[in-house]
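Chemist: Read top to bottom, the protein sequences are chains C and A.
In terms of this note's numbering, the first sequence opens at residue 893 and continues consecutively.
In terms of this note's numbering, the second sequence opens at residue 205 and continues consecutively.
Misleading hints may appear alongside valid ones.
[To be verified] Cross-link-like lysine to any residue pairs, in silico, SDA-like; alpha carbons within 25 Å at most:
#, chain 1, residue 1, chain 2, residue 2
1, A, LYS366, C, HIS1115
2, A, LYS366, C, LEU958
3, A, LYS504, A, LEU346
Calculated directly from the structure, the hints in this document are not laboratory data.
Just so you know, these numbers come straight off a predicted model, no measurement behind them.
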Amino acid sequence: MAASTAFLRDSQVARRSGYDTARRRNFLADLLGVSPTLALYGAFIVIPTFFALFLSFTNWDVIGPLKWAGFSNWSRFFSDPTAHHSLLVTFELAGLSWLAQTPLAMALGIFVAGTQRYRAVYAAIYLVPLLLSTVGLSLMWQDLLFPQFGGLAWLGLHLHMTFLSRNWLGSSDLALLTIVVIIAWQFVPFHTLIFQAGRRAVPAELYDAATVDGANVRQAFWHVTLPQLRYSIVTSSTLVLVGSLTYFDIIYILTLGGPGDTTRVLAMDMYNTGFVETEFGYASVIATVLGVLGILVAITLVRFTGFGSMEGGREGIS
Amino acid sequence: MTAIAPAHSVALARSAERRRVRAAAPALSGIKGRSKVLRFVSFVLGTIWLVIVLGPIYYMVLTSFRSTTQYLTANAWLPTGSFTLSSYTSMFHGSGIGTLFRDSAELAAGTIALVAVLSLLSAYRIVRRGSRFAAVSFRLILFGIAVPIQAIVIPLFFITSKLHIYDKMYGLVFVTAASLIPVAVLLMVNYVRLIPRELYDAMAVDGANQWSTFRNLVVPMARPVLAVVSIYAGLGAWNNFLLPLILTQSNNDMVLPLGMYRFATNSLYGINVPVVMAFVFFTMAPILVLYIVLRRQFVKGIGGFALR
């Protein structure tokens, strides 16, 4: 140890003569290597993030100039029943999505982490929904759920399973649940991947030890698998929550927030307010709320899991 | 040795650990293996989910090969009755699918190129950094993972309008690439970190400068992660709906997802379910073929930063 430190000191002394030039050259290389990325990312991600907040204090309707609006958009948000309703629907969607996706993905992830050959084949097929574009997937589900003629209605009619013949996307008490199911169909495969990787990383010794202690299957799950998967659980849960708090695509394609405003989540409310009613100032308030919600949940992820350790590369650098 | 390159040895040890765990995989089901009942129940439940995954896709493919009359009269789930390619021919004639494919391919190619080059170049400088600039930049870029794109579409619409890149393909490429950069940089950094320091030292002994080190060491070594990042960026660009919806308007640069949406909501074709299903299946097919060929890379590309 002492020898190697001495070696480092010696080499530093040896380098001292050309040190400043080398440092300047390194900085120049950093600048050339990172700046293009930073410019693109800064222009289209960082600046817009702060600009959204700025726009929430203005009025803009595309045609006219930006007009300063002070806090009027914000005070409108706090007394707007539509926005409050959207916020509620958004939380409902996030909560239901978590209930639908995380436990199922955990079960499936543990299942496909098993060693039987057929499970690898299943795992490969489970990923297929992630290859479909959201538009394609939505149109597929729309036709499957089509009242009277869709695949589900056919089953209801011909197999006398009447509970399947419903207006899944068109009735106000079913639309949100149907959307939750479709989103789950799309994203459960992704979370299954997380749990599969998590389960595979659990050291076999822990199960050996549990066996020696006489644990049965259920005890092994509660005392080994579940605690070992806590990182996967937090990662997956956070991604489900952030994803559904900001969810837009399937709802826009299938219901446009309807029927009535039963599926009008915040992102949909923002789109309608901005791009349909061209009240971009007020829409920016909704966008800011959306962004803050998403970022808050994402930061929780970093805090709870030490995701920040991904930057740990620092220690290894010359 | 450890004193000189501690992090590198840690990284090596970590990957060795990963390999060891994988090698020990047969022992994984130690406890599970004891219960035949549990294994059988798992098989049944796993198969039910398999049916739930494949059912809608099977329905889509089946319907796409039917005429409108067959769609209304035949068994919806069994391959009975007659089949036809008429949905596919009317899709080719009515949707302008050729130009949609071309525009989507342009978007995907441009995005992949931009994301792959920029993220590898900056990951190299972040890992081998010589200044605080690269370190601070990395922190800033990581912050982008937390920014939901839905929250910034209005400023993006505003900015692209003012820069006169609204409704232009390269404008869409820039924004799409920027939205994918944070995760791409993270994937690259995590991989480039694993390149042994001794190789850099060897390059330095040979008198290589920063650029030729990048060119002759980092780029060849990073080939596997370049494939993964390309798939991540390619899927992100090919399937994106929100950004094209917000940032394009005319038919000139309309990409597949948007064209498909417009096609399906068009009263002329939208009510023709078999044609819409043919359209969806036709746009999914190329990705499906790529997935079968490059499954391993796809899994990593789809998993993104959530797998490590």
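Chemist: Each hint: holds or not?
Modeler: Against the structure, the hints:
1. A:LYS366 to C:HIS1115: 58 Å, violated
2. A:LYS366 to C:LEU958: 12 Å, holds
3. A:LYS504 to A:LEU346: Given that 25 Å is the threshold and the Cα spacing comes to 19 Å, the pair holds.
In this structure, only the earlier hint numbered 1 is contradicted, and the remaining ones agree with it.
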